[in-house]
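Engineer: Given these sequences and hints, build the entire structure.
Line by line, the protein sequences give chains A, B and C. Quick note: the first sequence uses our numbering, first residue 1, plus one each step. Quick note: the second sequence uses our numbering, first residue 1, plus one each step. Quick note: the third sequence uses our numbering, first residue 1, plus one each step.
None of these hints come from the bench; they were simulated from the model. Source: prediction; values computed, not measured. The hints are all genuine.
Straight-line alpha carbon distances no greater than 27 Å define the calculated DSS-like cross-link-like pairs of lysine-lysine that follow:
id, chain 1, residue 1, chain 2, residue 2
1, A, K356, A, K798
2, B, K90, A, K728
3, B, K138, A, K204
4, B, K90, A, K128
5, B, K62, A, K128
6, A, K462, A, K450
7, A, K173, B, K90
Here's the letter readout for the chains.
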Amino acid sequence: MIELTINGIKVQTPPKTTILQAALANGIYIPHLCWDRRLTPYGGCRLCLVEVEGQKKLFAACSSPAENNMVVHTETPKLEKARKTVLELLLVHHPLDCPICDKAGECELQELAFKYGPAESRFAAERKHDPESLAAPLIERNPNRCILCGKCVRVCREHQGVGAINLLGRGFKSKVSPAFEETLDCEFCGQCVDACPVGALGTKPFRYRSRVWFLEDKENICPYCGVGCTTTLSLREGKIVRARGIDGTGINEGDLCPRGRFGFDYIESEHRLTTPLIRKEGNLQPATWEEALGYISERLSEIKSRFGAETIGAIGSERCSVEDNYMLKKFMDALGSKNIDSRAHFGYGKISEALKKAFNIRALPVELNAPLKADVLFVLESDLTSTHPIYGLKVLAAKRDLGATLLVADPKQTKLARWATRWMRIKPATGAALVNGIMKAMLDEGIYDKKAEGTHGFDALKEALAKYTPEKVSEITGISADEIRNAAKTLASARNPMLFASIGSSENTKGTGTMLALMDLCLLLGRGPEALGLPAEFADTLGMLEAGVRPEGGLNVEDMLYRPNLRALYIMGENPAVTFPDAAKAEEVLKGIEFLVVQDILLTETAQMAHVVLPAASWAEKEGFFVGATGKPQKFIKCLPETGSSMPDWQILRNLGRLMQLDMGAKDEEGLDAEIANHLSLCFREQAAASFVPVEQAEMEMPDSGHPLILATGILMQHSGSLTTISKNISSAIADAYIQVNPRDAKTYGVVDEKFTKITAKDGASIYVKAKVTDEVPEGMLFVPAHFAHARVNLLTKPSANGEAPTVAVKIEGA
Amino acid sequence: MRLKKAVKTVFFTEILQGMALTLRSMFSHAVTRQYPKEKRPAMPGFRGMHAFVRDAKTGREKCIACGLCGAVCPSQCIHIYTREDDLEQKKVIDRYEIEALRCVYCGFCVEACPVGAIALTEHYEYSDYSRQALYFDKEKLLDNWDRMMAGKKGEEYFEKFWFPKRDSFRSYDGQAVFRKPKEEAK
Amino acid sequence: MLSEEERKEIEAEAGQYDRKEAGSVEALKVVQRHRGWVSDEAIRDISAALDMTPDELDAVATFYSFIFRREVGRNLILVCDSVACYVMGYQGVLDSIKEKLGIDLGGTTEDRRFTLLPISCLGQCDKAPAIMINEDIYGNLGPEMLDSILSRYK
Numbered sequence: 001m002i003e004l005t006i007n008g009i010k011v012q013t014p015p016k017t018t019i020l021q022a023a024l025a026n027g028i029y030i031p032h033l034c035w036d037r038r039l040t041p042y043g044g045c046r047l048c049l050v051e052v053e054g055q056k057k058l059f060a061a062c063s064s065p066a067e068n069n070m071v072v073h074t075e076t077p078k079l080e081k082a083r084k085t086v087l088e089l090l091l092v093h094h095p096l097d098c099p100i101c102d103k104a105g106e107c108e109l110q111e112l113a114f115k116y117g118p119a120e121s122r123f124a125a126e127r128k129h130d131p132e133s134l135a136a137p138l139i140e141r142n143p144n145r146c147i148l149c150g151k152c153v154r155v156c157r158e159h160q161g162v163g164a165i166n167l168l169g170r171g172f173k174s175k176v177s178p179a180f181e182e183t184l185d186c187e188f189c190g191q192c193v194d195a196c197p198v199g200a201l202g203t204k205p206f207r208y209r210s211r212v213w214f215l216e217d218k219e220n221i222c223p224y225c226g227v228g229c230t231t232t233l234s235l236r237e238g239k240i241v242r243a244r245g246i247d248g249t250g251i252n253e254g255d256l257c258p259r260g261r262f263g264f265d266y267i268e269s270e271h272r273l274t275t276p277l278i279r280k281e282g283n284l285q286p287a288t289w290e291e292a293l294g295y296i297s298e299r300l301s302e303i304k305s306r307f308g309a310e311t312i313g314a315i316g317s318e319r320c321s322v323e324d325n326y327m328l329k330k331f332m333d334a335l336g337s338k339n340i341d342s343r344a345h346f347g348y349g350k351i352s353e354a355l356k357k358a359f360n361i362r363a364l365p366v367e368l369n370a371p372l373k374a375d376v377l378f379v380l381e382s383d384l385t386s387t388h389p390i391y392g393l394k395v396l397a398a399k400r401d402l403g404a405t406l407l408v409a410d411p412k413q414t415k416l417a418r419w420a421t422r423w424m425r426i427k428p429a430t431g432a433a434l435v436n437g438i439m440k441a442m443l444d445e446g447i448y449d450k451k452a453e454g455t456h457g458f459d460a461l462k463e464a465l466a467k468y469t470p471e472k473v474s475e476i477t478g479i480s481a482d483e484i485r486n487a488a489k490t491l492a493s494a495r496n497p498m499l500f501a502s503i504g505s506s507e508n509t510k511g512t513g514t515m516l517a518l519m520d521l522c523l524l525l526g527r528g529p530e531a532l533g534l535p536a537e538f539a540d541t542l543g544m545l546e547a548g549v550r551p552e553g554g555l556n557v558e559d560m561l562y563r564p565n566l567r568a569l570y571i572m573g574e575n576p577a578v579t580f581p582d583a584a585k586a587e588e589v590l591k592g593i594e595f596l597v598v599q600d601i602l603l604t605e606t607a608q609m610a611h612v613v614l615p616a617a618s619w620a621e622k623e624g625f626f627v628g629a630t631g632k633p634q635k636f637i638k639c640l641p642e643t644g645s646s647m648p649d650w651q652i653l654r655n656l657g658r659l660m661q662l663d664m665g666a667k668d669e670e671g672l673d674a675e676i677a678n679h680l681s682l683c684f685r686e687q688a689a690a691s692f693v694p695v696e697q698a699e700m701e702m703p704d705s706g707h708p709l710i711l712a713t714g715i716l717m718q719h720s721g722s723l724t725t726i727s728k729n730i731s732s733a734i735a736d737a738y739i740q741v742n743p744r745d746a747k748t749y750g751v752v753d754e755k756f757t758k759i760t761a762k763d764g765a766s767i768y769v770k771a772k773v774t775d776e777v778p779e780g781m782l783f784v785p786a787h788f789a790h791a792r793v794n795l796l797t798k799p800s801a802n803g804e805a806p807t808v809a810v811k812i813e814g815a
Numbered sequence: 001m002r003l004k005k006a007v008k009t010v011f012f013t014e015i016l017q018g019m020a021l022t023l024r025s026m027f028s029h030a031v032t033r034q035y036p037k038e039k040r041p042a043m044p045g046f047r048g049m050h051a052f053v054r055d056a057k058t059g060r061e062k063c064i065a066c067g068l069c070g071a072v073c074p075s076q077c078i079h080i081y082t083r084e085d086d087l088e089q090k091k092v093i094d095r096y097e098i099e100a101l102r103c104v105y106c107g108f109c110v111e112a113c114p115v116g117a118i119a120l121t122e123h124y125e126y127s128d129y130s131r132q133a134l135y136f137d138k139e140k141l142l143d144n145w146d147r148m149m150a151g152k153k154g155e156e157y158f159e160k161f162w163f164p165k166r167d168s169f170r171s172y173d174g175q176a177v178f179r180k181p182k183e184e185a186k
Numbered sequence: 001m002l003s004e005e006e007r008k009e010i011e012a013e014a015g016q017y018d019r020k021e022a023g024s025v026e027a028l029k030v031v032q033r034h035r036g037w038v039s040d041e042a043i044r045d046i047s048a049a050l051d052m053t054p055d056e057l058d059a060v061a062t063f064y065s066f067i068f069r070r071e072v073g074r075n076l077i078l079v080c081d082s083v084a085c086y087v088m089g090y091q092g093v094l095d096s097i098k099e100k101l102g103i104d105l106g107g108t109t110e111d112r113r114f115t116l117l118p119i120s121c122l123g124q125c126d127k128a129p130a131i132m133i134n135e136d137i138y139g140n141l142g143p144e145m146l147d148s149i150l151s152r153y154k
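Structural biologist: Here it is, written out as structure tokens:
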């Protein structure tokens with residue numbers, strides 16, 4: 001520890017910290033505009049000047065390292081004068097349009113000018129007269145207000161790994177802009193907006209909506225991916241007007257992705273359900289809660305008594321709270337049915353299954369900061385920066401800031417691939433083969449951890465891997481044998497390797513086998529599950545599984561939706577007709593079900609087929625717990641009144657249960673919280689055994705001459721499931737599905753950029769999507785995001801028979 | 001002492017004194033006002049009913065929706081809702097409401113306004129049969145101006161009674177300055 | 001698209017540094033030598049070759065006055081506008097050039113023969129006013145001398 005004196009107070013600070021960090025950590029404020037905790041010091045604004053005893057010149061605290069026995073003063077008349085001058089100079093160009101600037105009230109420049117600022121400026125200079133840039137979606141730029149601190153530029157490049165904007169030009173004319181002063185086209189994460197100390201960058205949905213001092217800020221847990229970030233919502237008149245990440249709050253410490261920052265407005269969608277609907281004479285008609293619940297109770301009792309409870313099924317949701325899922329499970333238990341499952345079957349369920357085989361655990365929480373401790377990071381066919389943006393940032397940070405080695409195996413040129421130390425561009429869905437090849441290379445060269453030999457199944461693994469020689473794997477994956485050997489060497493030489501992968505329920509290039517291979521590799525490296533980063537997909541995936549929404553002894557989602565097994569189905573917060581693979585088949589089965597109840601916030605495609613539709617309160621209209629990828633229960637709070645007569649899901653189920661005279665236990669929220677407390681104290685780390693489970697590279701639907709391309713479906717950074725597609729904010733950035741085609745394929749098959757293109761699967765199903773010609777995807781692969789209901793991507797996909805990657809071979813025709 | 005008192009009692013001096021005052025008052029002017037018929041003129045700088053200044057040039061309100069009046073209001077009776085004008089991409093008022101019955105007439109809102117868009121008129125008669133009539137929205141406030149401050153009165157209002165802010169903005173054209181008290185500027 | 005020659009030269013320049021982006025200025029100069037100026041398209045191509053984003057390279061390119069982001073003429077006239085030249089009659093020289101060529105500062109003649117640009121100081125204060133055409137410096141100028149000087153450049 002370094003000891004120095006700041007303003008007469010003795011403070012301690014770790015080595016390699018700056019004076020500013022030492023001061024801030026000890027509660028001494030030094031004004032600063034261009035410094036950010038996450039970024040390398042820039043020393044641009046010159047406001048953090050301090051006096052160091054024994055030194056003539058003033059030091060910029062943000063970029064001067066703290067040294068032992070330094071005596072620092074931060075508030076002296078000399079400094080005051082210096083700061084005054086710096087501010088005066090900053091304000092030479094800065095317009096005084098505070099009365100209409102949305103930043104006023106929380107503007108750092110405004111506050112400093114108020115504190116130090118001279119009343120009148122001594123300098124005359126020209127003002128900037130650049131037009132505001134409003135063409136881009138979601139983010140507005142006002143170059144006139146910019147003080148050129150470069151924080152946005154650095155956050156975009158250094159922290160976010162994008163580099164969409166930069167300081168163009170020199171001197172008076174310089175301004176922050178995308179290359180060639182084009183319209184901003186980036187990820188729209190909005191991190192630059194939060195970083196901006198003045199009002200030069202703003203979010204368009206908040207533009208002129210309200211002055212900040214009229215807002216009420218509430219911290220809430222983001223409802224989208226599994227990371228569970230805290231997003232600070234600003235409310236006015238019972239409406240959310242913006243969401244921000246505030247430095248240091250929540251597990252995300254203030255970082256947010258586009259969904260968390262802009263995706264809040266789905267709540268006020270005009271398509272929200274406000275009253276229960278009952279199908280009468282073929283049409284869904286509004287009804288009262290009494291009628292609706294009475295009708296459901298009647299029909300379910302009838303079906304139960306006539307055909308037995310085992311003909312009734314339920315589908316839970318990874319987006320609903322633990323309470324909701326717990327109540328659904330309880331309701332089904334009370335009815336006497338074990339048929340309960342969720343979309344996780346296509347997503348995290350596969351990881352869960354692999355974990356069960358390899359480590360005998362059901363779920364594996366991730367630690368958000370674990371990647372920062374690793375020295376070699378291996379990411380297998382997963383775009384973590386899209387599926388779990390904030391977790392992905394940590395992987396990036398490990399490589400960029402801490403110098404770790406990042407190995408990425410992915411056919412797509414993802415952000416991680418661009419930043420990778422080595423990018424192995426394998427063929428789609430060949431992850432298992434690649435990992436097998438790496439393991440084989442390690443075994444051949446004897447560079448695996450010797451304690452792995454004692455692990456159960458080692459000999460079986462050795463035997464199974466015999467045929468996965470690097471040369472053979474090179475043939476399957478399309479990368480050279482040397483690359484595979486190199487990867488093996490890098491991993492084997494790591495002190496603390498970490499392996500990453502995620503499976504989204506709409507991704508079709510990974511399966512249980514891929515995950516098992518990764519776990520084998522983990523064991524072969526002599527590591528336990530702590531070296532695996534397998535984040536759960538949605539906000540409440542782990543909470544839902546722990547609440548009991550998993551098919552133990554009952555039918556799973558595939559049995560319920562793709563085979564006519566059921567007479568009644570209760571769907572809570574799920575839209576199988578769109579988001580599940582093989583949508584046509586699912587729709588057919590759903591239509592054939594005698595009694596379908598859908599409980600949702602919107603009249604979804606599935607709800608349109610239902611016999612009864614119940615309006616549920618959405619996130620921020622109810623409170624409850626989410627247990628996401630980190631395994632920590634996080635409470636989200638109620639900020640808004642319910643829409644119409646909608647109710648929280650668990651209350652609907654409780655009321656229904658009571659009406660059917662079933663024992664539903666808890667009467668109120670406190671009682672329920674006490675009941676689920678057992679389910680929240682998760683003991684995921686109980687590791688009974690570890691064993692090698694050798695896997696083969698799965699048989700996939702291979703491309704042939706008629707259908708020569710592999711279609712990969714997946715997730716975009718801006719979207720989450722189909723929920724975000726009703727958010728107007730997010731739709732303004734990405735509103736429509738597109739298909740990514742390699743330029744060479746485009747040439748071969750006559751596909752034109754931005755033109756509609758027909759994609760046909762082997763069974764003849766086809767969809768039309770706009771083409772995007774890009775070399776982000778390799779030859780022979782197409783990528784299409786699966787979020788958009790109207791694109792009907794899931795007409796082409798299939799659920800996998802055995803938990804393996806359900807790849808689809810397609811042909812493509814330019815229209 | 002006792003004798004003096006006795007004299008006073010015998011000759012009713014106090015009563016006579018009283019009668020003298022009564023007699024004098026009979027010939028002097030009345031000090032009370034016949035209020036509804038006869039109105040008391042407001043003194044200069046009186047702070048009465050609120051009004052929105054109508055810009056003579058545009059015919060619209062001067063307000064730029066900065067919200068400083070709402071921020072400074074001690075009784076929190078000003079509510080401002082803003083939005084972006086779709087055509088001009090300008091900040092405009094969506095709704096502007098003053099709960100006049102909660103106002104304490106401190107005049108901070110007028111002082112805070114950077115563009116001189118709000119005024120306190122000399123009107124002080126508030127009685128009405130509904131509370132709603134005293135809940136002012138933008139139209140009512142503009143109407144107040146037309147009724148009570150139109151013409152020269154309105155023009156002089158800010159010059160006379162409120163610190164004329166633009167005087168302190170004596171500086172290079174379009175230059176960054178902060179307000180300075182008037183005396184110091186001289 | 002970068003030509004084979006350009007690509008080779010850029011790679012040679014970038015290869016001298018640990019990080020490719022350190023060779024960005026040299027790479028821009030390579031392209032400018034071949035094409036006379038650096039177009040948006042060229043920025044995109046060079047940035048891809050150097051593993052940079054286009055906006056980073058554009059920031060570098062727009063920072064330096066002598067990386068031309070607009071098409072320039074065959075010959076470059078740089079008129080010094082520093083104090084010494086200013087005092088010694090820079091305005092007359094400049095006006096005369098403007099008049100003769102019919103272009104303003106930053107402009108290019110229609111036949112692409114000349115581009116006229118200002119420059120801060122040529123270090124010729126003892127011979128002010130001074131101009132530079134391509135690599136040649138002319139000092140102690142008067143408006144009457146310009147005809148003969150300009151006629152040397154085609």
